[in-house]
Amino acid sequence: MRSTMPPVIELDGLGVRFGDREILRDLRGSVSGRAIGLLGPNGAGKSTLIQTLLGFFPPSAGSARIYGHEIRSGRRHIRTLTGYMPENESFIANMTAVSFIRMMGELSGLPPDAALERAHEVLFYVGLGEARYRLLGAYSLGMKQLAKLAQSIVHGPRLLILDEPTNGLDPPARQRMIRLIREMKETGEMHLLLCSHLLRDVEETCDEVLILKQGRIVHCANLDEERRANKRFVELETFGNDAGFPEALAALGCECLAAAGRMKLTLPDGFEMREIYRLAAERDLQLRRLNYRRDSLEDIFLKAMEA
Amino acid sequence: MAVYKRTYKGYSGPCTATWSRFLILPRYSFSRLFQSKFLILFLMACFFFPVGCALFIYVSHNLSFLRTFNIRAENFIAINGKFFYVYCTVQAAFAYLLTALVGPGLVSPDLVNNALPLYFSRPFSRAEYVLGKMAGLVYLLSLITWLPGLVLFAIQASLAGWSWARQNFWIAEAIVLGSLLWITVLSLVAMAMSAWIKWRIAAGALILGVIFVGAGFGAAVNAVMRTNLGSMLDLAQDNSAIWARLFRLTDADLRIDAVDAANAMAIASLICLWLLFKKVRAFEVIK
Numbered sequence: 001m002r003s004t005m006p007p008v009i010e011l012d013g014l015g016v017r018f019g020d021r022e023i024l025r026d027l028r029g030s031v032s033g034r035a036i037g038l039l040g041p042n043g044a045g046k047s048t049l050i051q052t053l054l055g056f057f058p059p060s061a062g063s064a065r066i067y068g069h070e071i072r073s074g075r076r077h078i079r080t081l082t083g084y085m086p087e088n089e090s091f092i093a094n095m096t097a098v099s100f101i102r103m104m105g106e107l108s109g110l111p112p113d114a115a116l117e118r119a120h121e122v123l124f125y126v127g128l129g130e131a132r133y134r135l136l137g138a139y140s141l142g143m144k145q146l147a148k149l150a151q152s153i154v155h156g157p158r159l160l161i162l163d164e165p166t167n168g169l170d171p172p173a174r175q176r177m178i179r180l181i182r183e184m185k186e187t188g189e190m191h192l193l194l195c196s197h198l199l200r201d202v203e204e205t206c207d208e209v210l211i212l213k214q215g216r217i218v219h220c221a222n223l224d225e226e227r228r229a230n231k232r233f234v235e236l237e238t239f240g241n242d243a244g245f246p247e248a249l250a251a252l253g254c255e256c257l258a259a260a261g262r263m264k265l266t267l268p269d270g271f272e273m274r275e276i277y278r279l280a281a282e283r284d285l286q287l288r289r290l291n292y293r294r295d296s297l298e299d300i301f302l303k304a305m306e307a
Numbered sequence: 308m309a310v311y312k313r314t315y316k317g318y319s320g321p322c323t324a325t326w327s328r329f330l331i332l333p334r335y336s337f338s339r340l341f342q343s344k345f346l347i348l349f350l351m352a353c354f355f356f357p358v359g360c361a362l363f364i365y366v367s368h369n370l371s372f373l374r375t376f377n378i379r380a381e382n383f384i385a386i387n388g389k390f391f392y393v394y395c396t397v398q399a400a401f402a403y404l405l406t407a408l409v410g411p412g413l414v415s416p417d418l419v420n421n422a423l424p425l426y427f428s429r430p431f432s433r434a435e436y437v438l439g440k441m442a443g444l445v446y447l448l449s450l451i452t453w454l455p456g457l458v459l460f461a462i463q464a465s466l467a468g469w470s471w472a473r474q475n476f477w478i479a480e481a482i483v484l485g486s487l488l489w490i491t492v493l494s495l496v497a498m499a500m501s502a503w504i505k506w507r508i509a510a511g512a513l514i515l516g517v518i519f520v521g522a523g524f525g526a527a528v529n530a531v532m533r534t535n536l537g538s539m540l541d542l543a544q545d546n547s548a549i550w551a552r553l554f555r556l557t558d559a560d561l562r563i564d565a566v567d568a569a570n571a572m573a574i575a576s577l578i579c580l581w582l583l584f585k586k587v588r589a590f591e592v593i594k
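One line per chain: the protein sequences are A and B, in this order.
Counting in the numbering used here, the first sequence runs from 1 upward without gaps.
Counting in the numbering used here, the second sequence runs from 308 upward without gaps.
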């Protein structure tokens with residue numbers, strides 16, 4: 001079931017080509033979640049898609065819209081509505097953080113006084129308040145990531161695009177970044193497009209995912225709906241003669257995939273786990289391992305990659 | 308910072324006019340540039356000659372002062388087109404040195420630190436970026452070329468009378484037009500070098516080299532081909548030819564025509580613009 005919210009991003013046969021190489025091919029779909037995850041293995045075209053949406057690269061085919069604005073004709077308007085945190089190190093070394101963020105705010109259209117006030121606010125918000133008068137060149141990698149986040153939100157964008165925001169961060173810094181992203185999402189003032197190859201980052205922050213593989217969309221899912229409707233799984237490892245065991249489980253409504261003492265069961269609604277133990281006991285079958293879990297983003301991702 | 312402000316808030320206040328945003332860049336450039344004491348000293352040195360010219364104009368109109376030193380007014384250099392041509396030529400040399408000093412820091416820091424995606428992800432185009440960066444240099448060079456030139460013209464007009472100003476108004480036009488032409492070419496050369504050479508010292512050397520190499524190569528072409536067209540490769544000589552025409556000098560020893568010189572400068576500017584737009588991009592697509 002699709003969301004009734006107006007779409008944030010609409011892709012209509014979008015294609016991007018660099019020379020002879022086709023980077024993005026016939027991308028179609030629309031996403032409207034508060035936080036959208038853009039997933040895919042390295043080289044899938046995630047960053048290219050983001051950069052095309054921002055108008056850095058012209059599409060070679062099709063089109064795309066952000067909040068209904070066409071990326072070719074409404075580039076300037078789209079850029080007014082968006083904030084972008086690039087993947088790579090991007091800053092001006094011989095500037096203090098506060099003057100850098102202020103300048104970025106002014107370039108986004110804020111008057112100088114408002115830009116200065118907002119620069120202080122966002123630097124405190126991301127946790128660089130005490131270091132705001134230090135030169136950006138002297139910042140650590142984690143601090144530079146936070147400064148990049150600050151510059152992307154200084155003008156209060158409606159759509160925040162984050163390209164690998166946790167790259168190079170240690171676990172506490174990563175946790176802090178994830179918390180900030182979630183907080184911003186929960187304010188309800190902006191939509192987020194998070195591009196990452198780290199499934200955990202997306203799982204912890206996003207409610208909709210778009211999975212890319214070799215320049216194509218291979219899966220588009222609403223994570224909230226998937227989580228609500230997803231099925232329960234059991235992974236089993238058995239020892240002994242399991243003849244008839246999969247059939248007995250199938251008779252109880254389980255979908256069963258079995259191979260060499262290993263099974264993956266998809267359980268029907270209302271299925272009692274003790275039935276598995278009962279059937280195993282009847283056949284004198286040892287259960288060496290039993291993992292019970294719900295469908296995770298990793299499963300969705302792996303299924304999409306296998307497709 | 309109040310604790311209650313440490314939460315994310317959107318912005319709903321007024322926005323500045325889109326057309327004026329390129330002027331933000333020179334403002335920030337100046338605040339960084341004027342941290343250099345050497346630059347401030349050099350900028351001060353650039354005003355010595357205009358101050359000397361102003362004194363000269365004043366003295367040339369002060370007959371009693373000249374009589375004190377038994378100097379006859381008619382032996383003094385006349386304040387005319389040639390006087391302002393010399394003034395502009397000297398200040399053009401200072402402008403050139405100032406460009407070599409300031410120019411390398413215009414674009415290369417943004418390229419080195421990968422800052423261009425941050426500029427261009429905002430409602431700010433490549434043309435505005437180039438215009439903004441160029442505006443900083445244009446302000447600075449204007450400060451030492453045509454602005455003091457106009458002040459000198461005003462001093463001379465106030466001392467020589469309104470009729471002199473009316474008859475010689477073309478001098479003021481020549482000062483502004485000639486200087487702006489030179490400033491534009493210098494700015495574009497400096498920005499193109501700054502965009503292509505990330506090492507500041509090398510970029511500065513190359514900005515200086517563009518004129519000298521052009522002059523040397525032009526002289527070689529002239530000698531080998533037995534022509535004067537090689538002089539078109541010398542931007543300084545192109546500029547002199549244009550100024551000689553603007554200042555209505557008939558006795559100037561010039562090898563090329565002002566129109567040819569203007570064409571050569573226009574081609575040089577277009578090449579610089581092309582070089583600039585090849586590099587000033589949010590992301591470079593590597594083949």
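There could be a bad hint or two in this list.
FRET-style restraints, in silico, Cβ to Cβ [unchecked claim]:
hint	chain 1	residue 1	chain 2	residue 2	range
1	A	P111	B	R339	17 to 23 Å
2	B	C322	A	G168	29 to 35 Å
3	A	R17	B	R555	40 to 46 Å
4	A	P6	B	V458	40 to 46 Å
5	B	W503	A	G168	36 to 42 Å
6	A	G168	B	L404	40 to 46 Å
Calculated from the structure, these hints are not laboratory results.
Glycine included, each C-beta is placed from N, C-alpha and C at the ideal position.
Outcome of range test on Cβ distance (W503 of chain B, G168 of chain A; 36 to 42 Å): violated, 29 Å
Distance restraint evaluation - P111 of chain A, R339 of chain B, Cβ atoms, bounds 17 to 23 Å: Since P111 of chain A and R339 of chain B have Cβ atoms about 21 Å apart, the given range 17 to 23 Å holds.
Beta-carbon spacing of R17 of chain A to R555 of chain B - inside the hinted bounds 40 to 46 Å or not: For R17 of chain A and R555 of chain B the Cβ distance comes to about 57 Å; the hint is violated.
Cβ separation of P6 of chain A and V458 of chain B, checked against the hinted range 40 to 46 Å: Given about 60 Å between the Cβ atoms, the range is violated.
Outcome for the supplied range 40 to 46 Å, where the beta carbon pair is G168 of chain A and L404 of chain B: Because 42 Å falls inside the window, the suggested range holds.
Beta-carbon spacing of C322 of chain B to G168 of chain A - inside the hinted bounds 29 to 35 Å or not: Holds: the Cβ-Cβ distance is about 34 Å, inside 29 to 35 Å.
The structure fails hints 3, 4, 5 (numbered hints given earlier, in ascending order).
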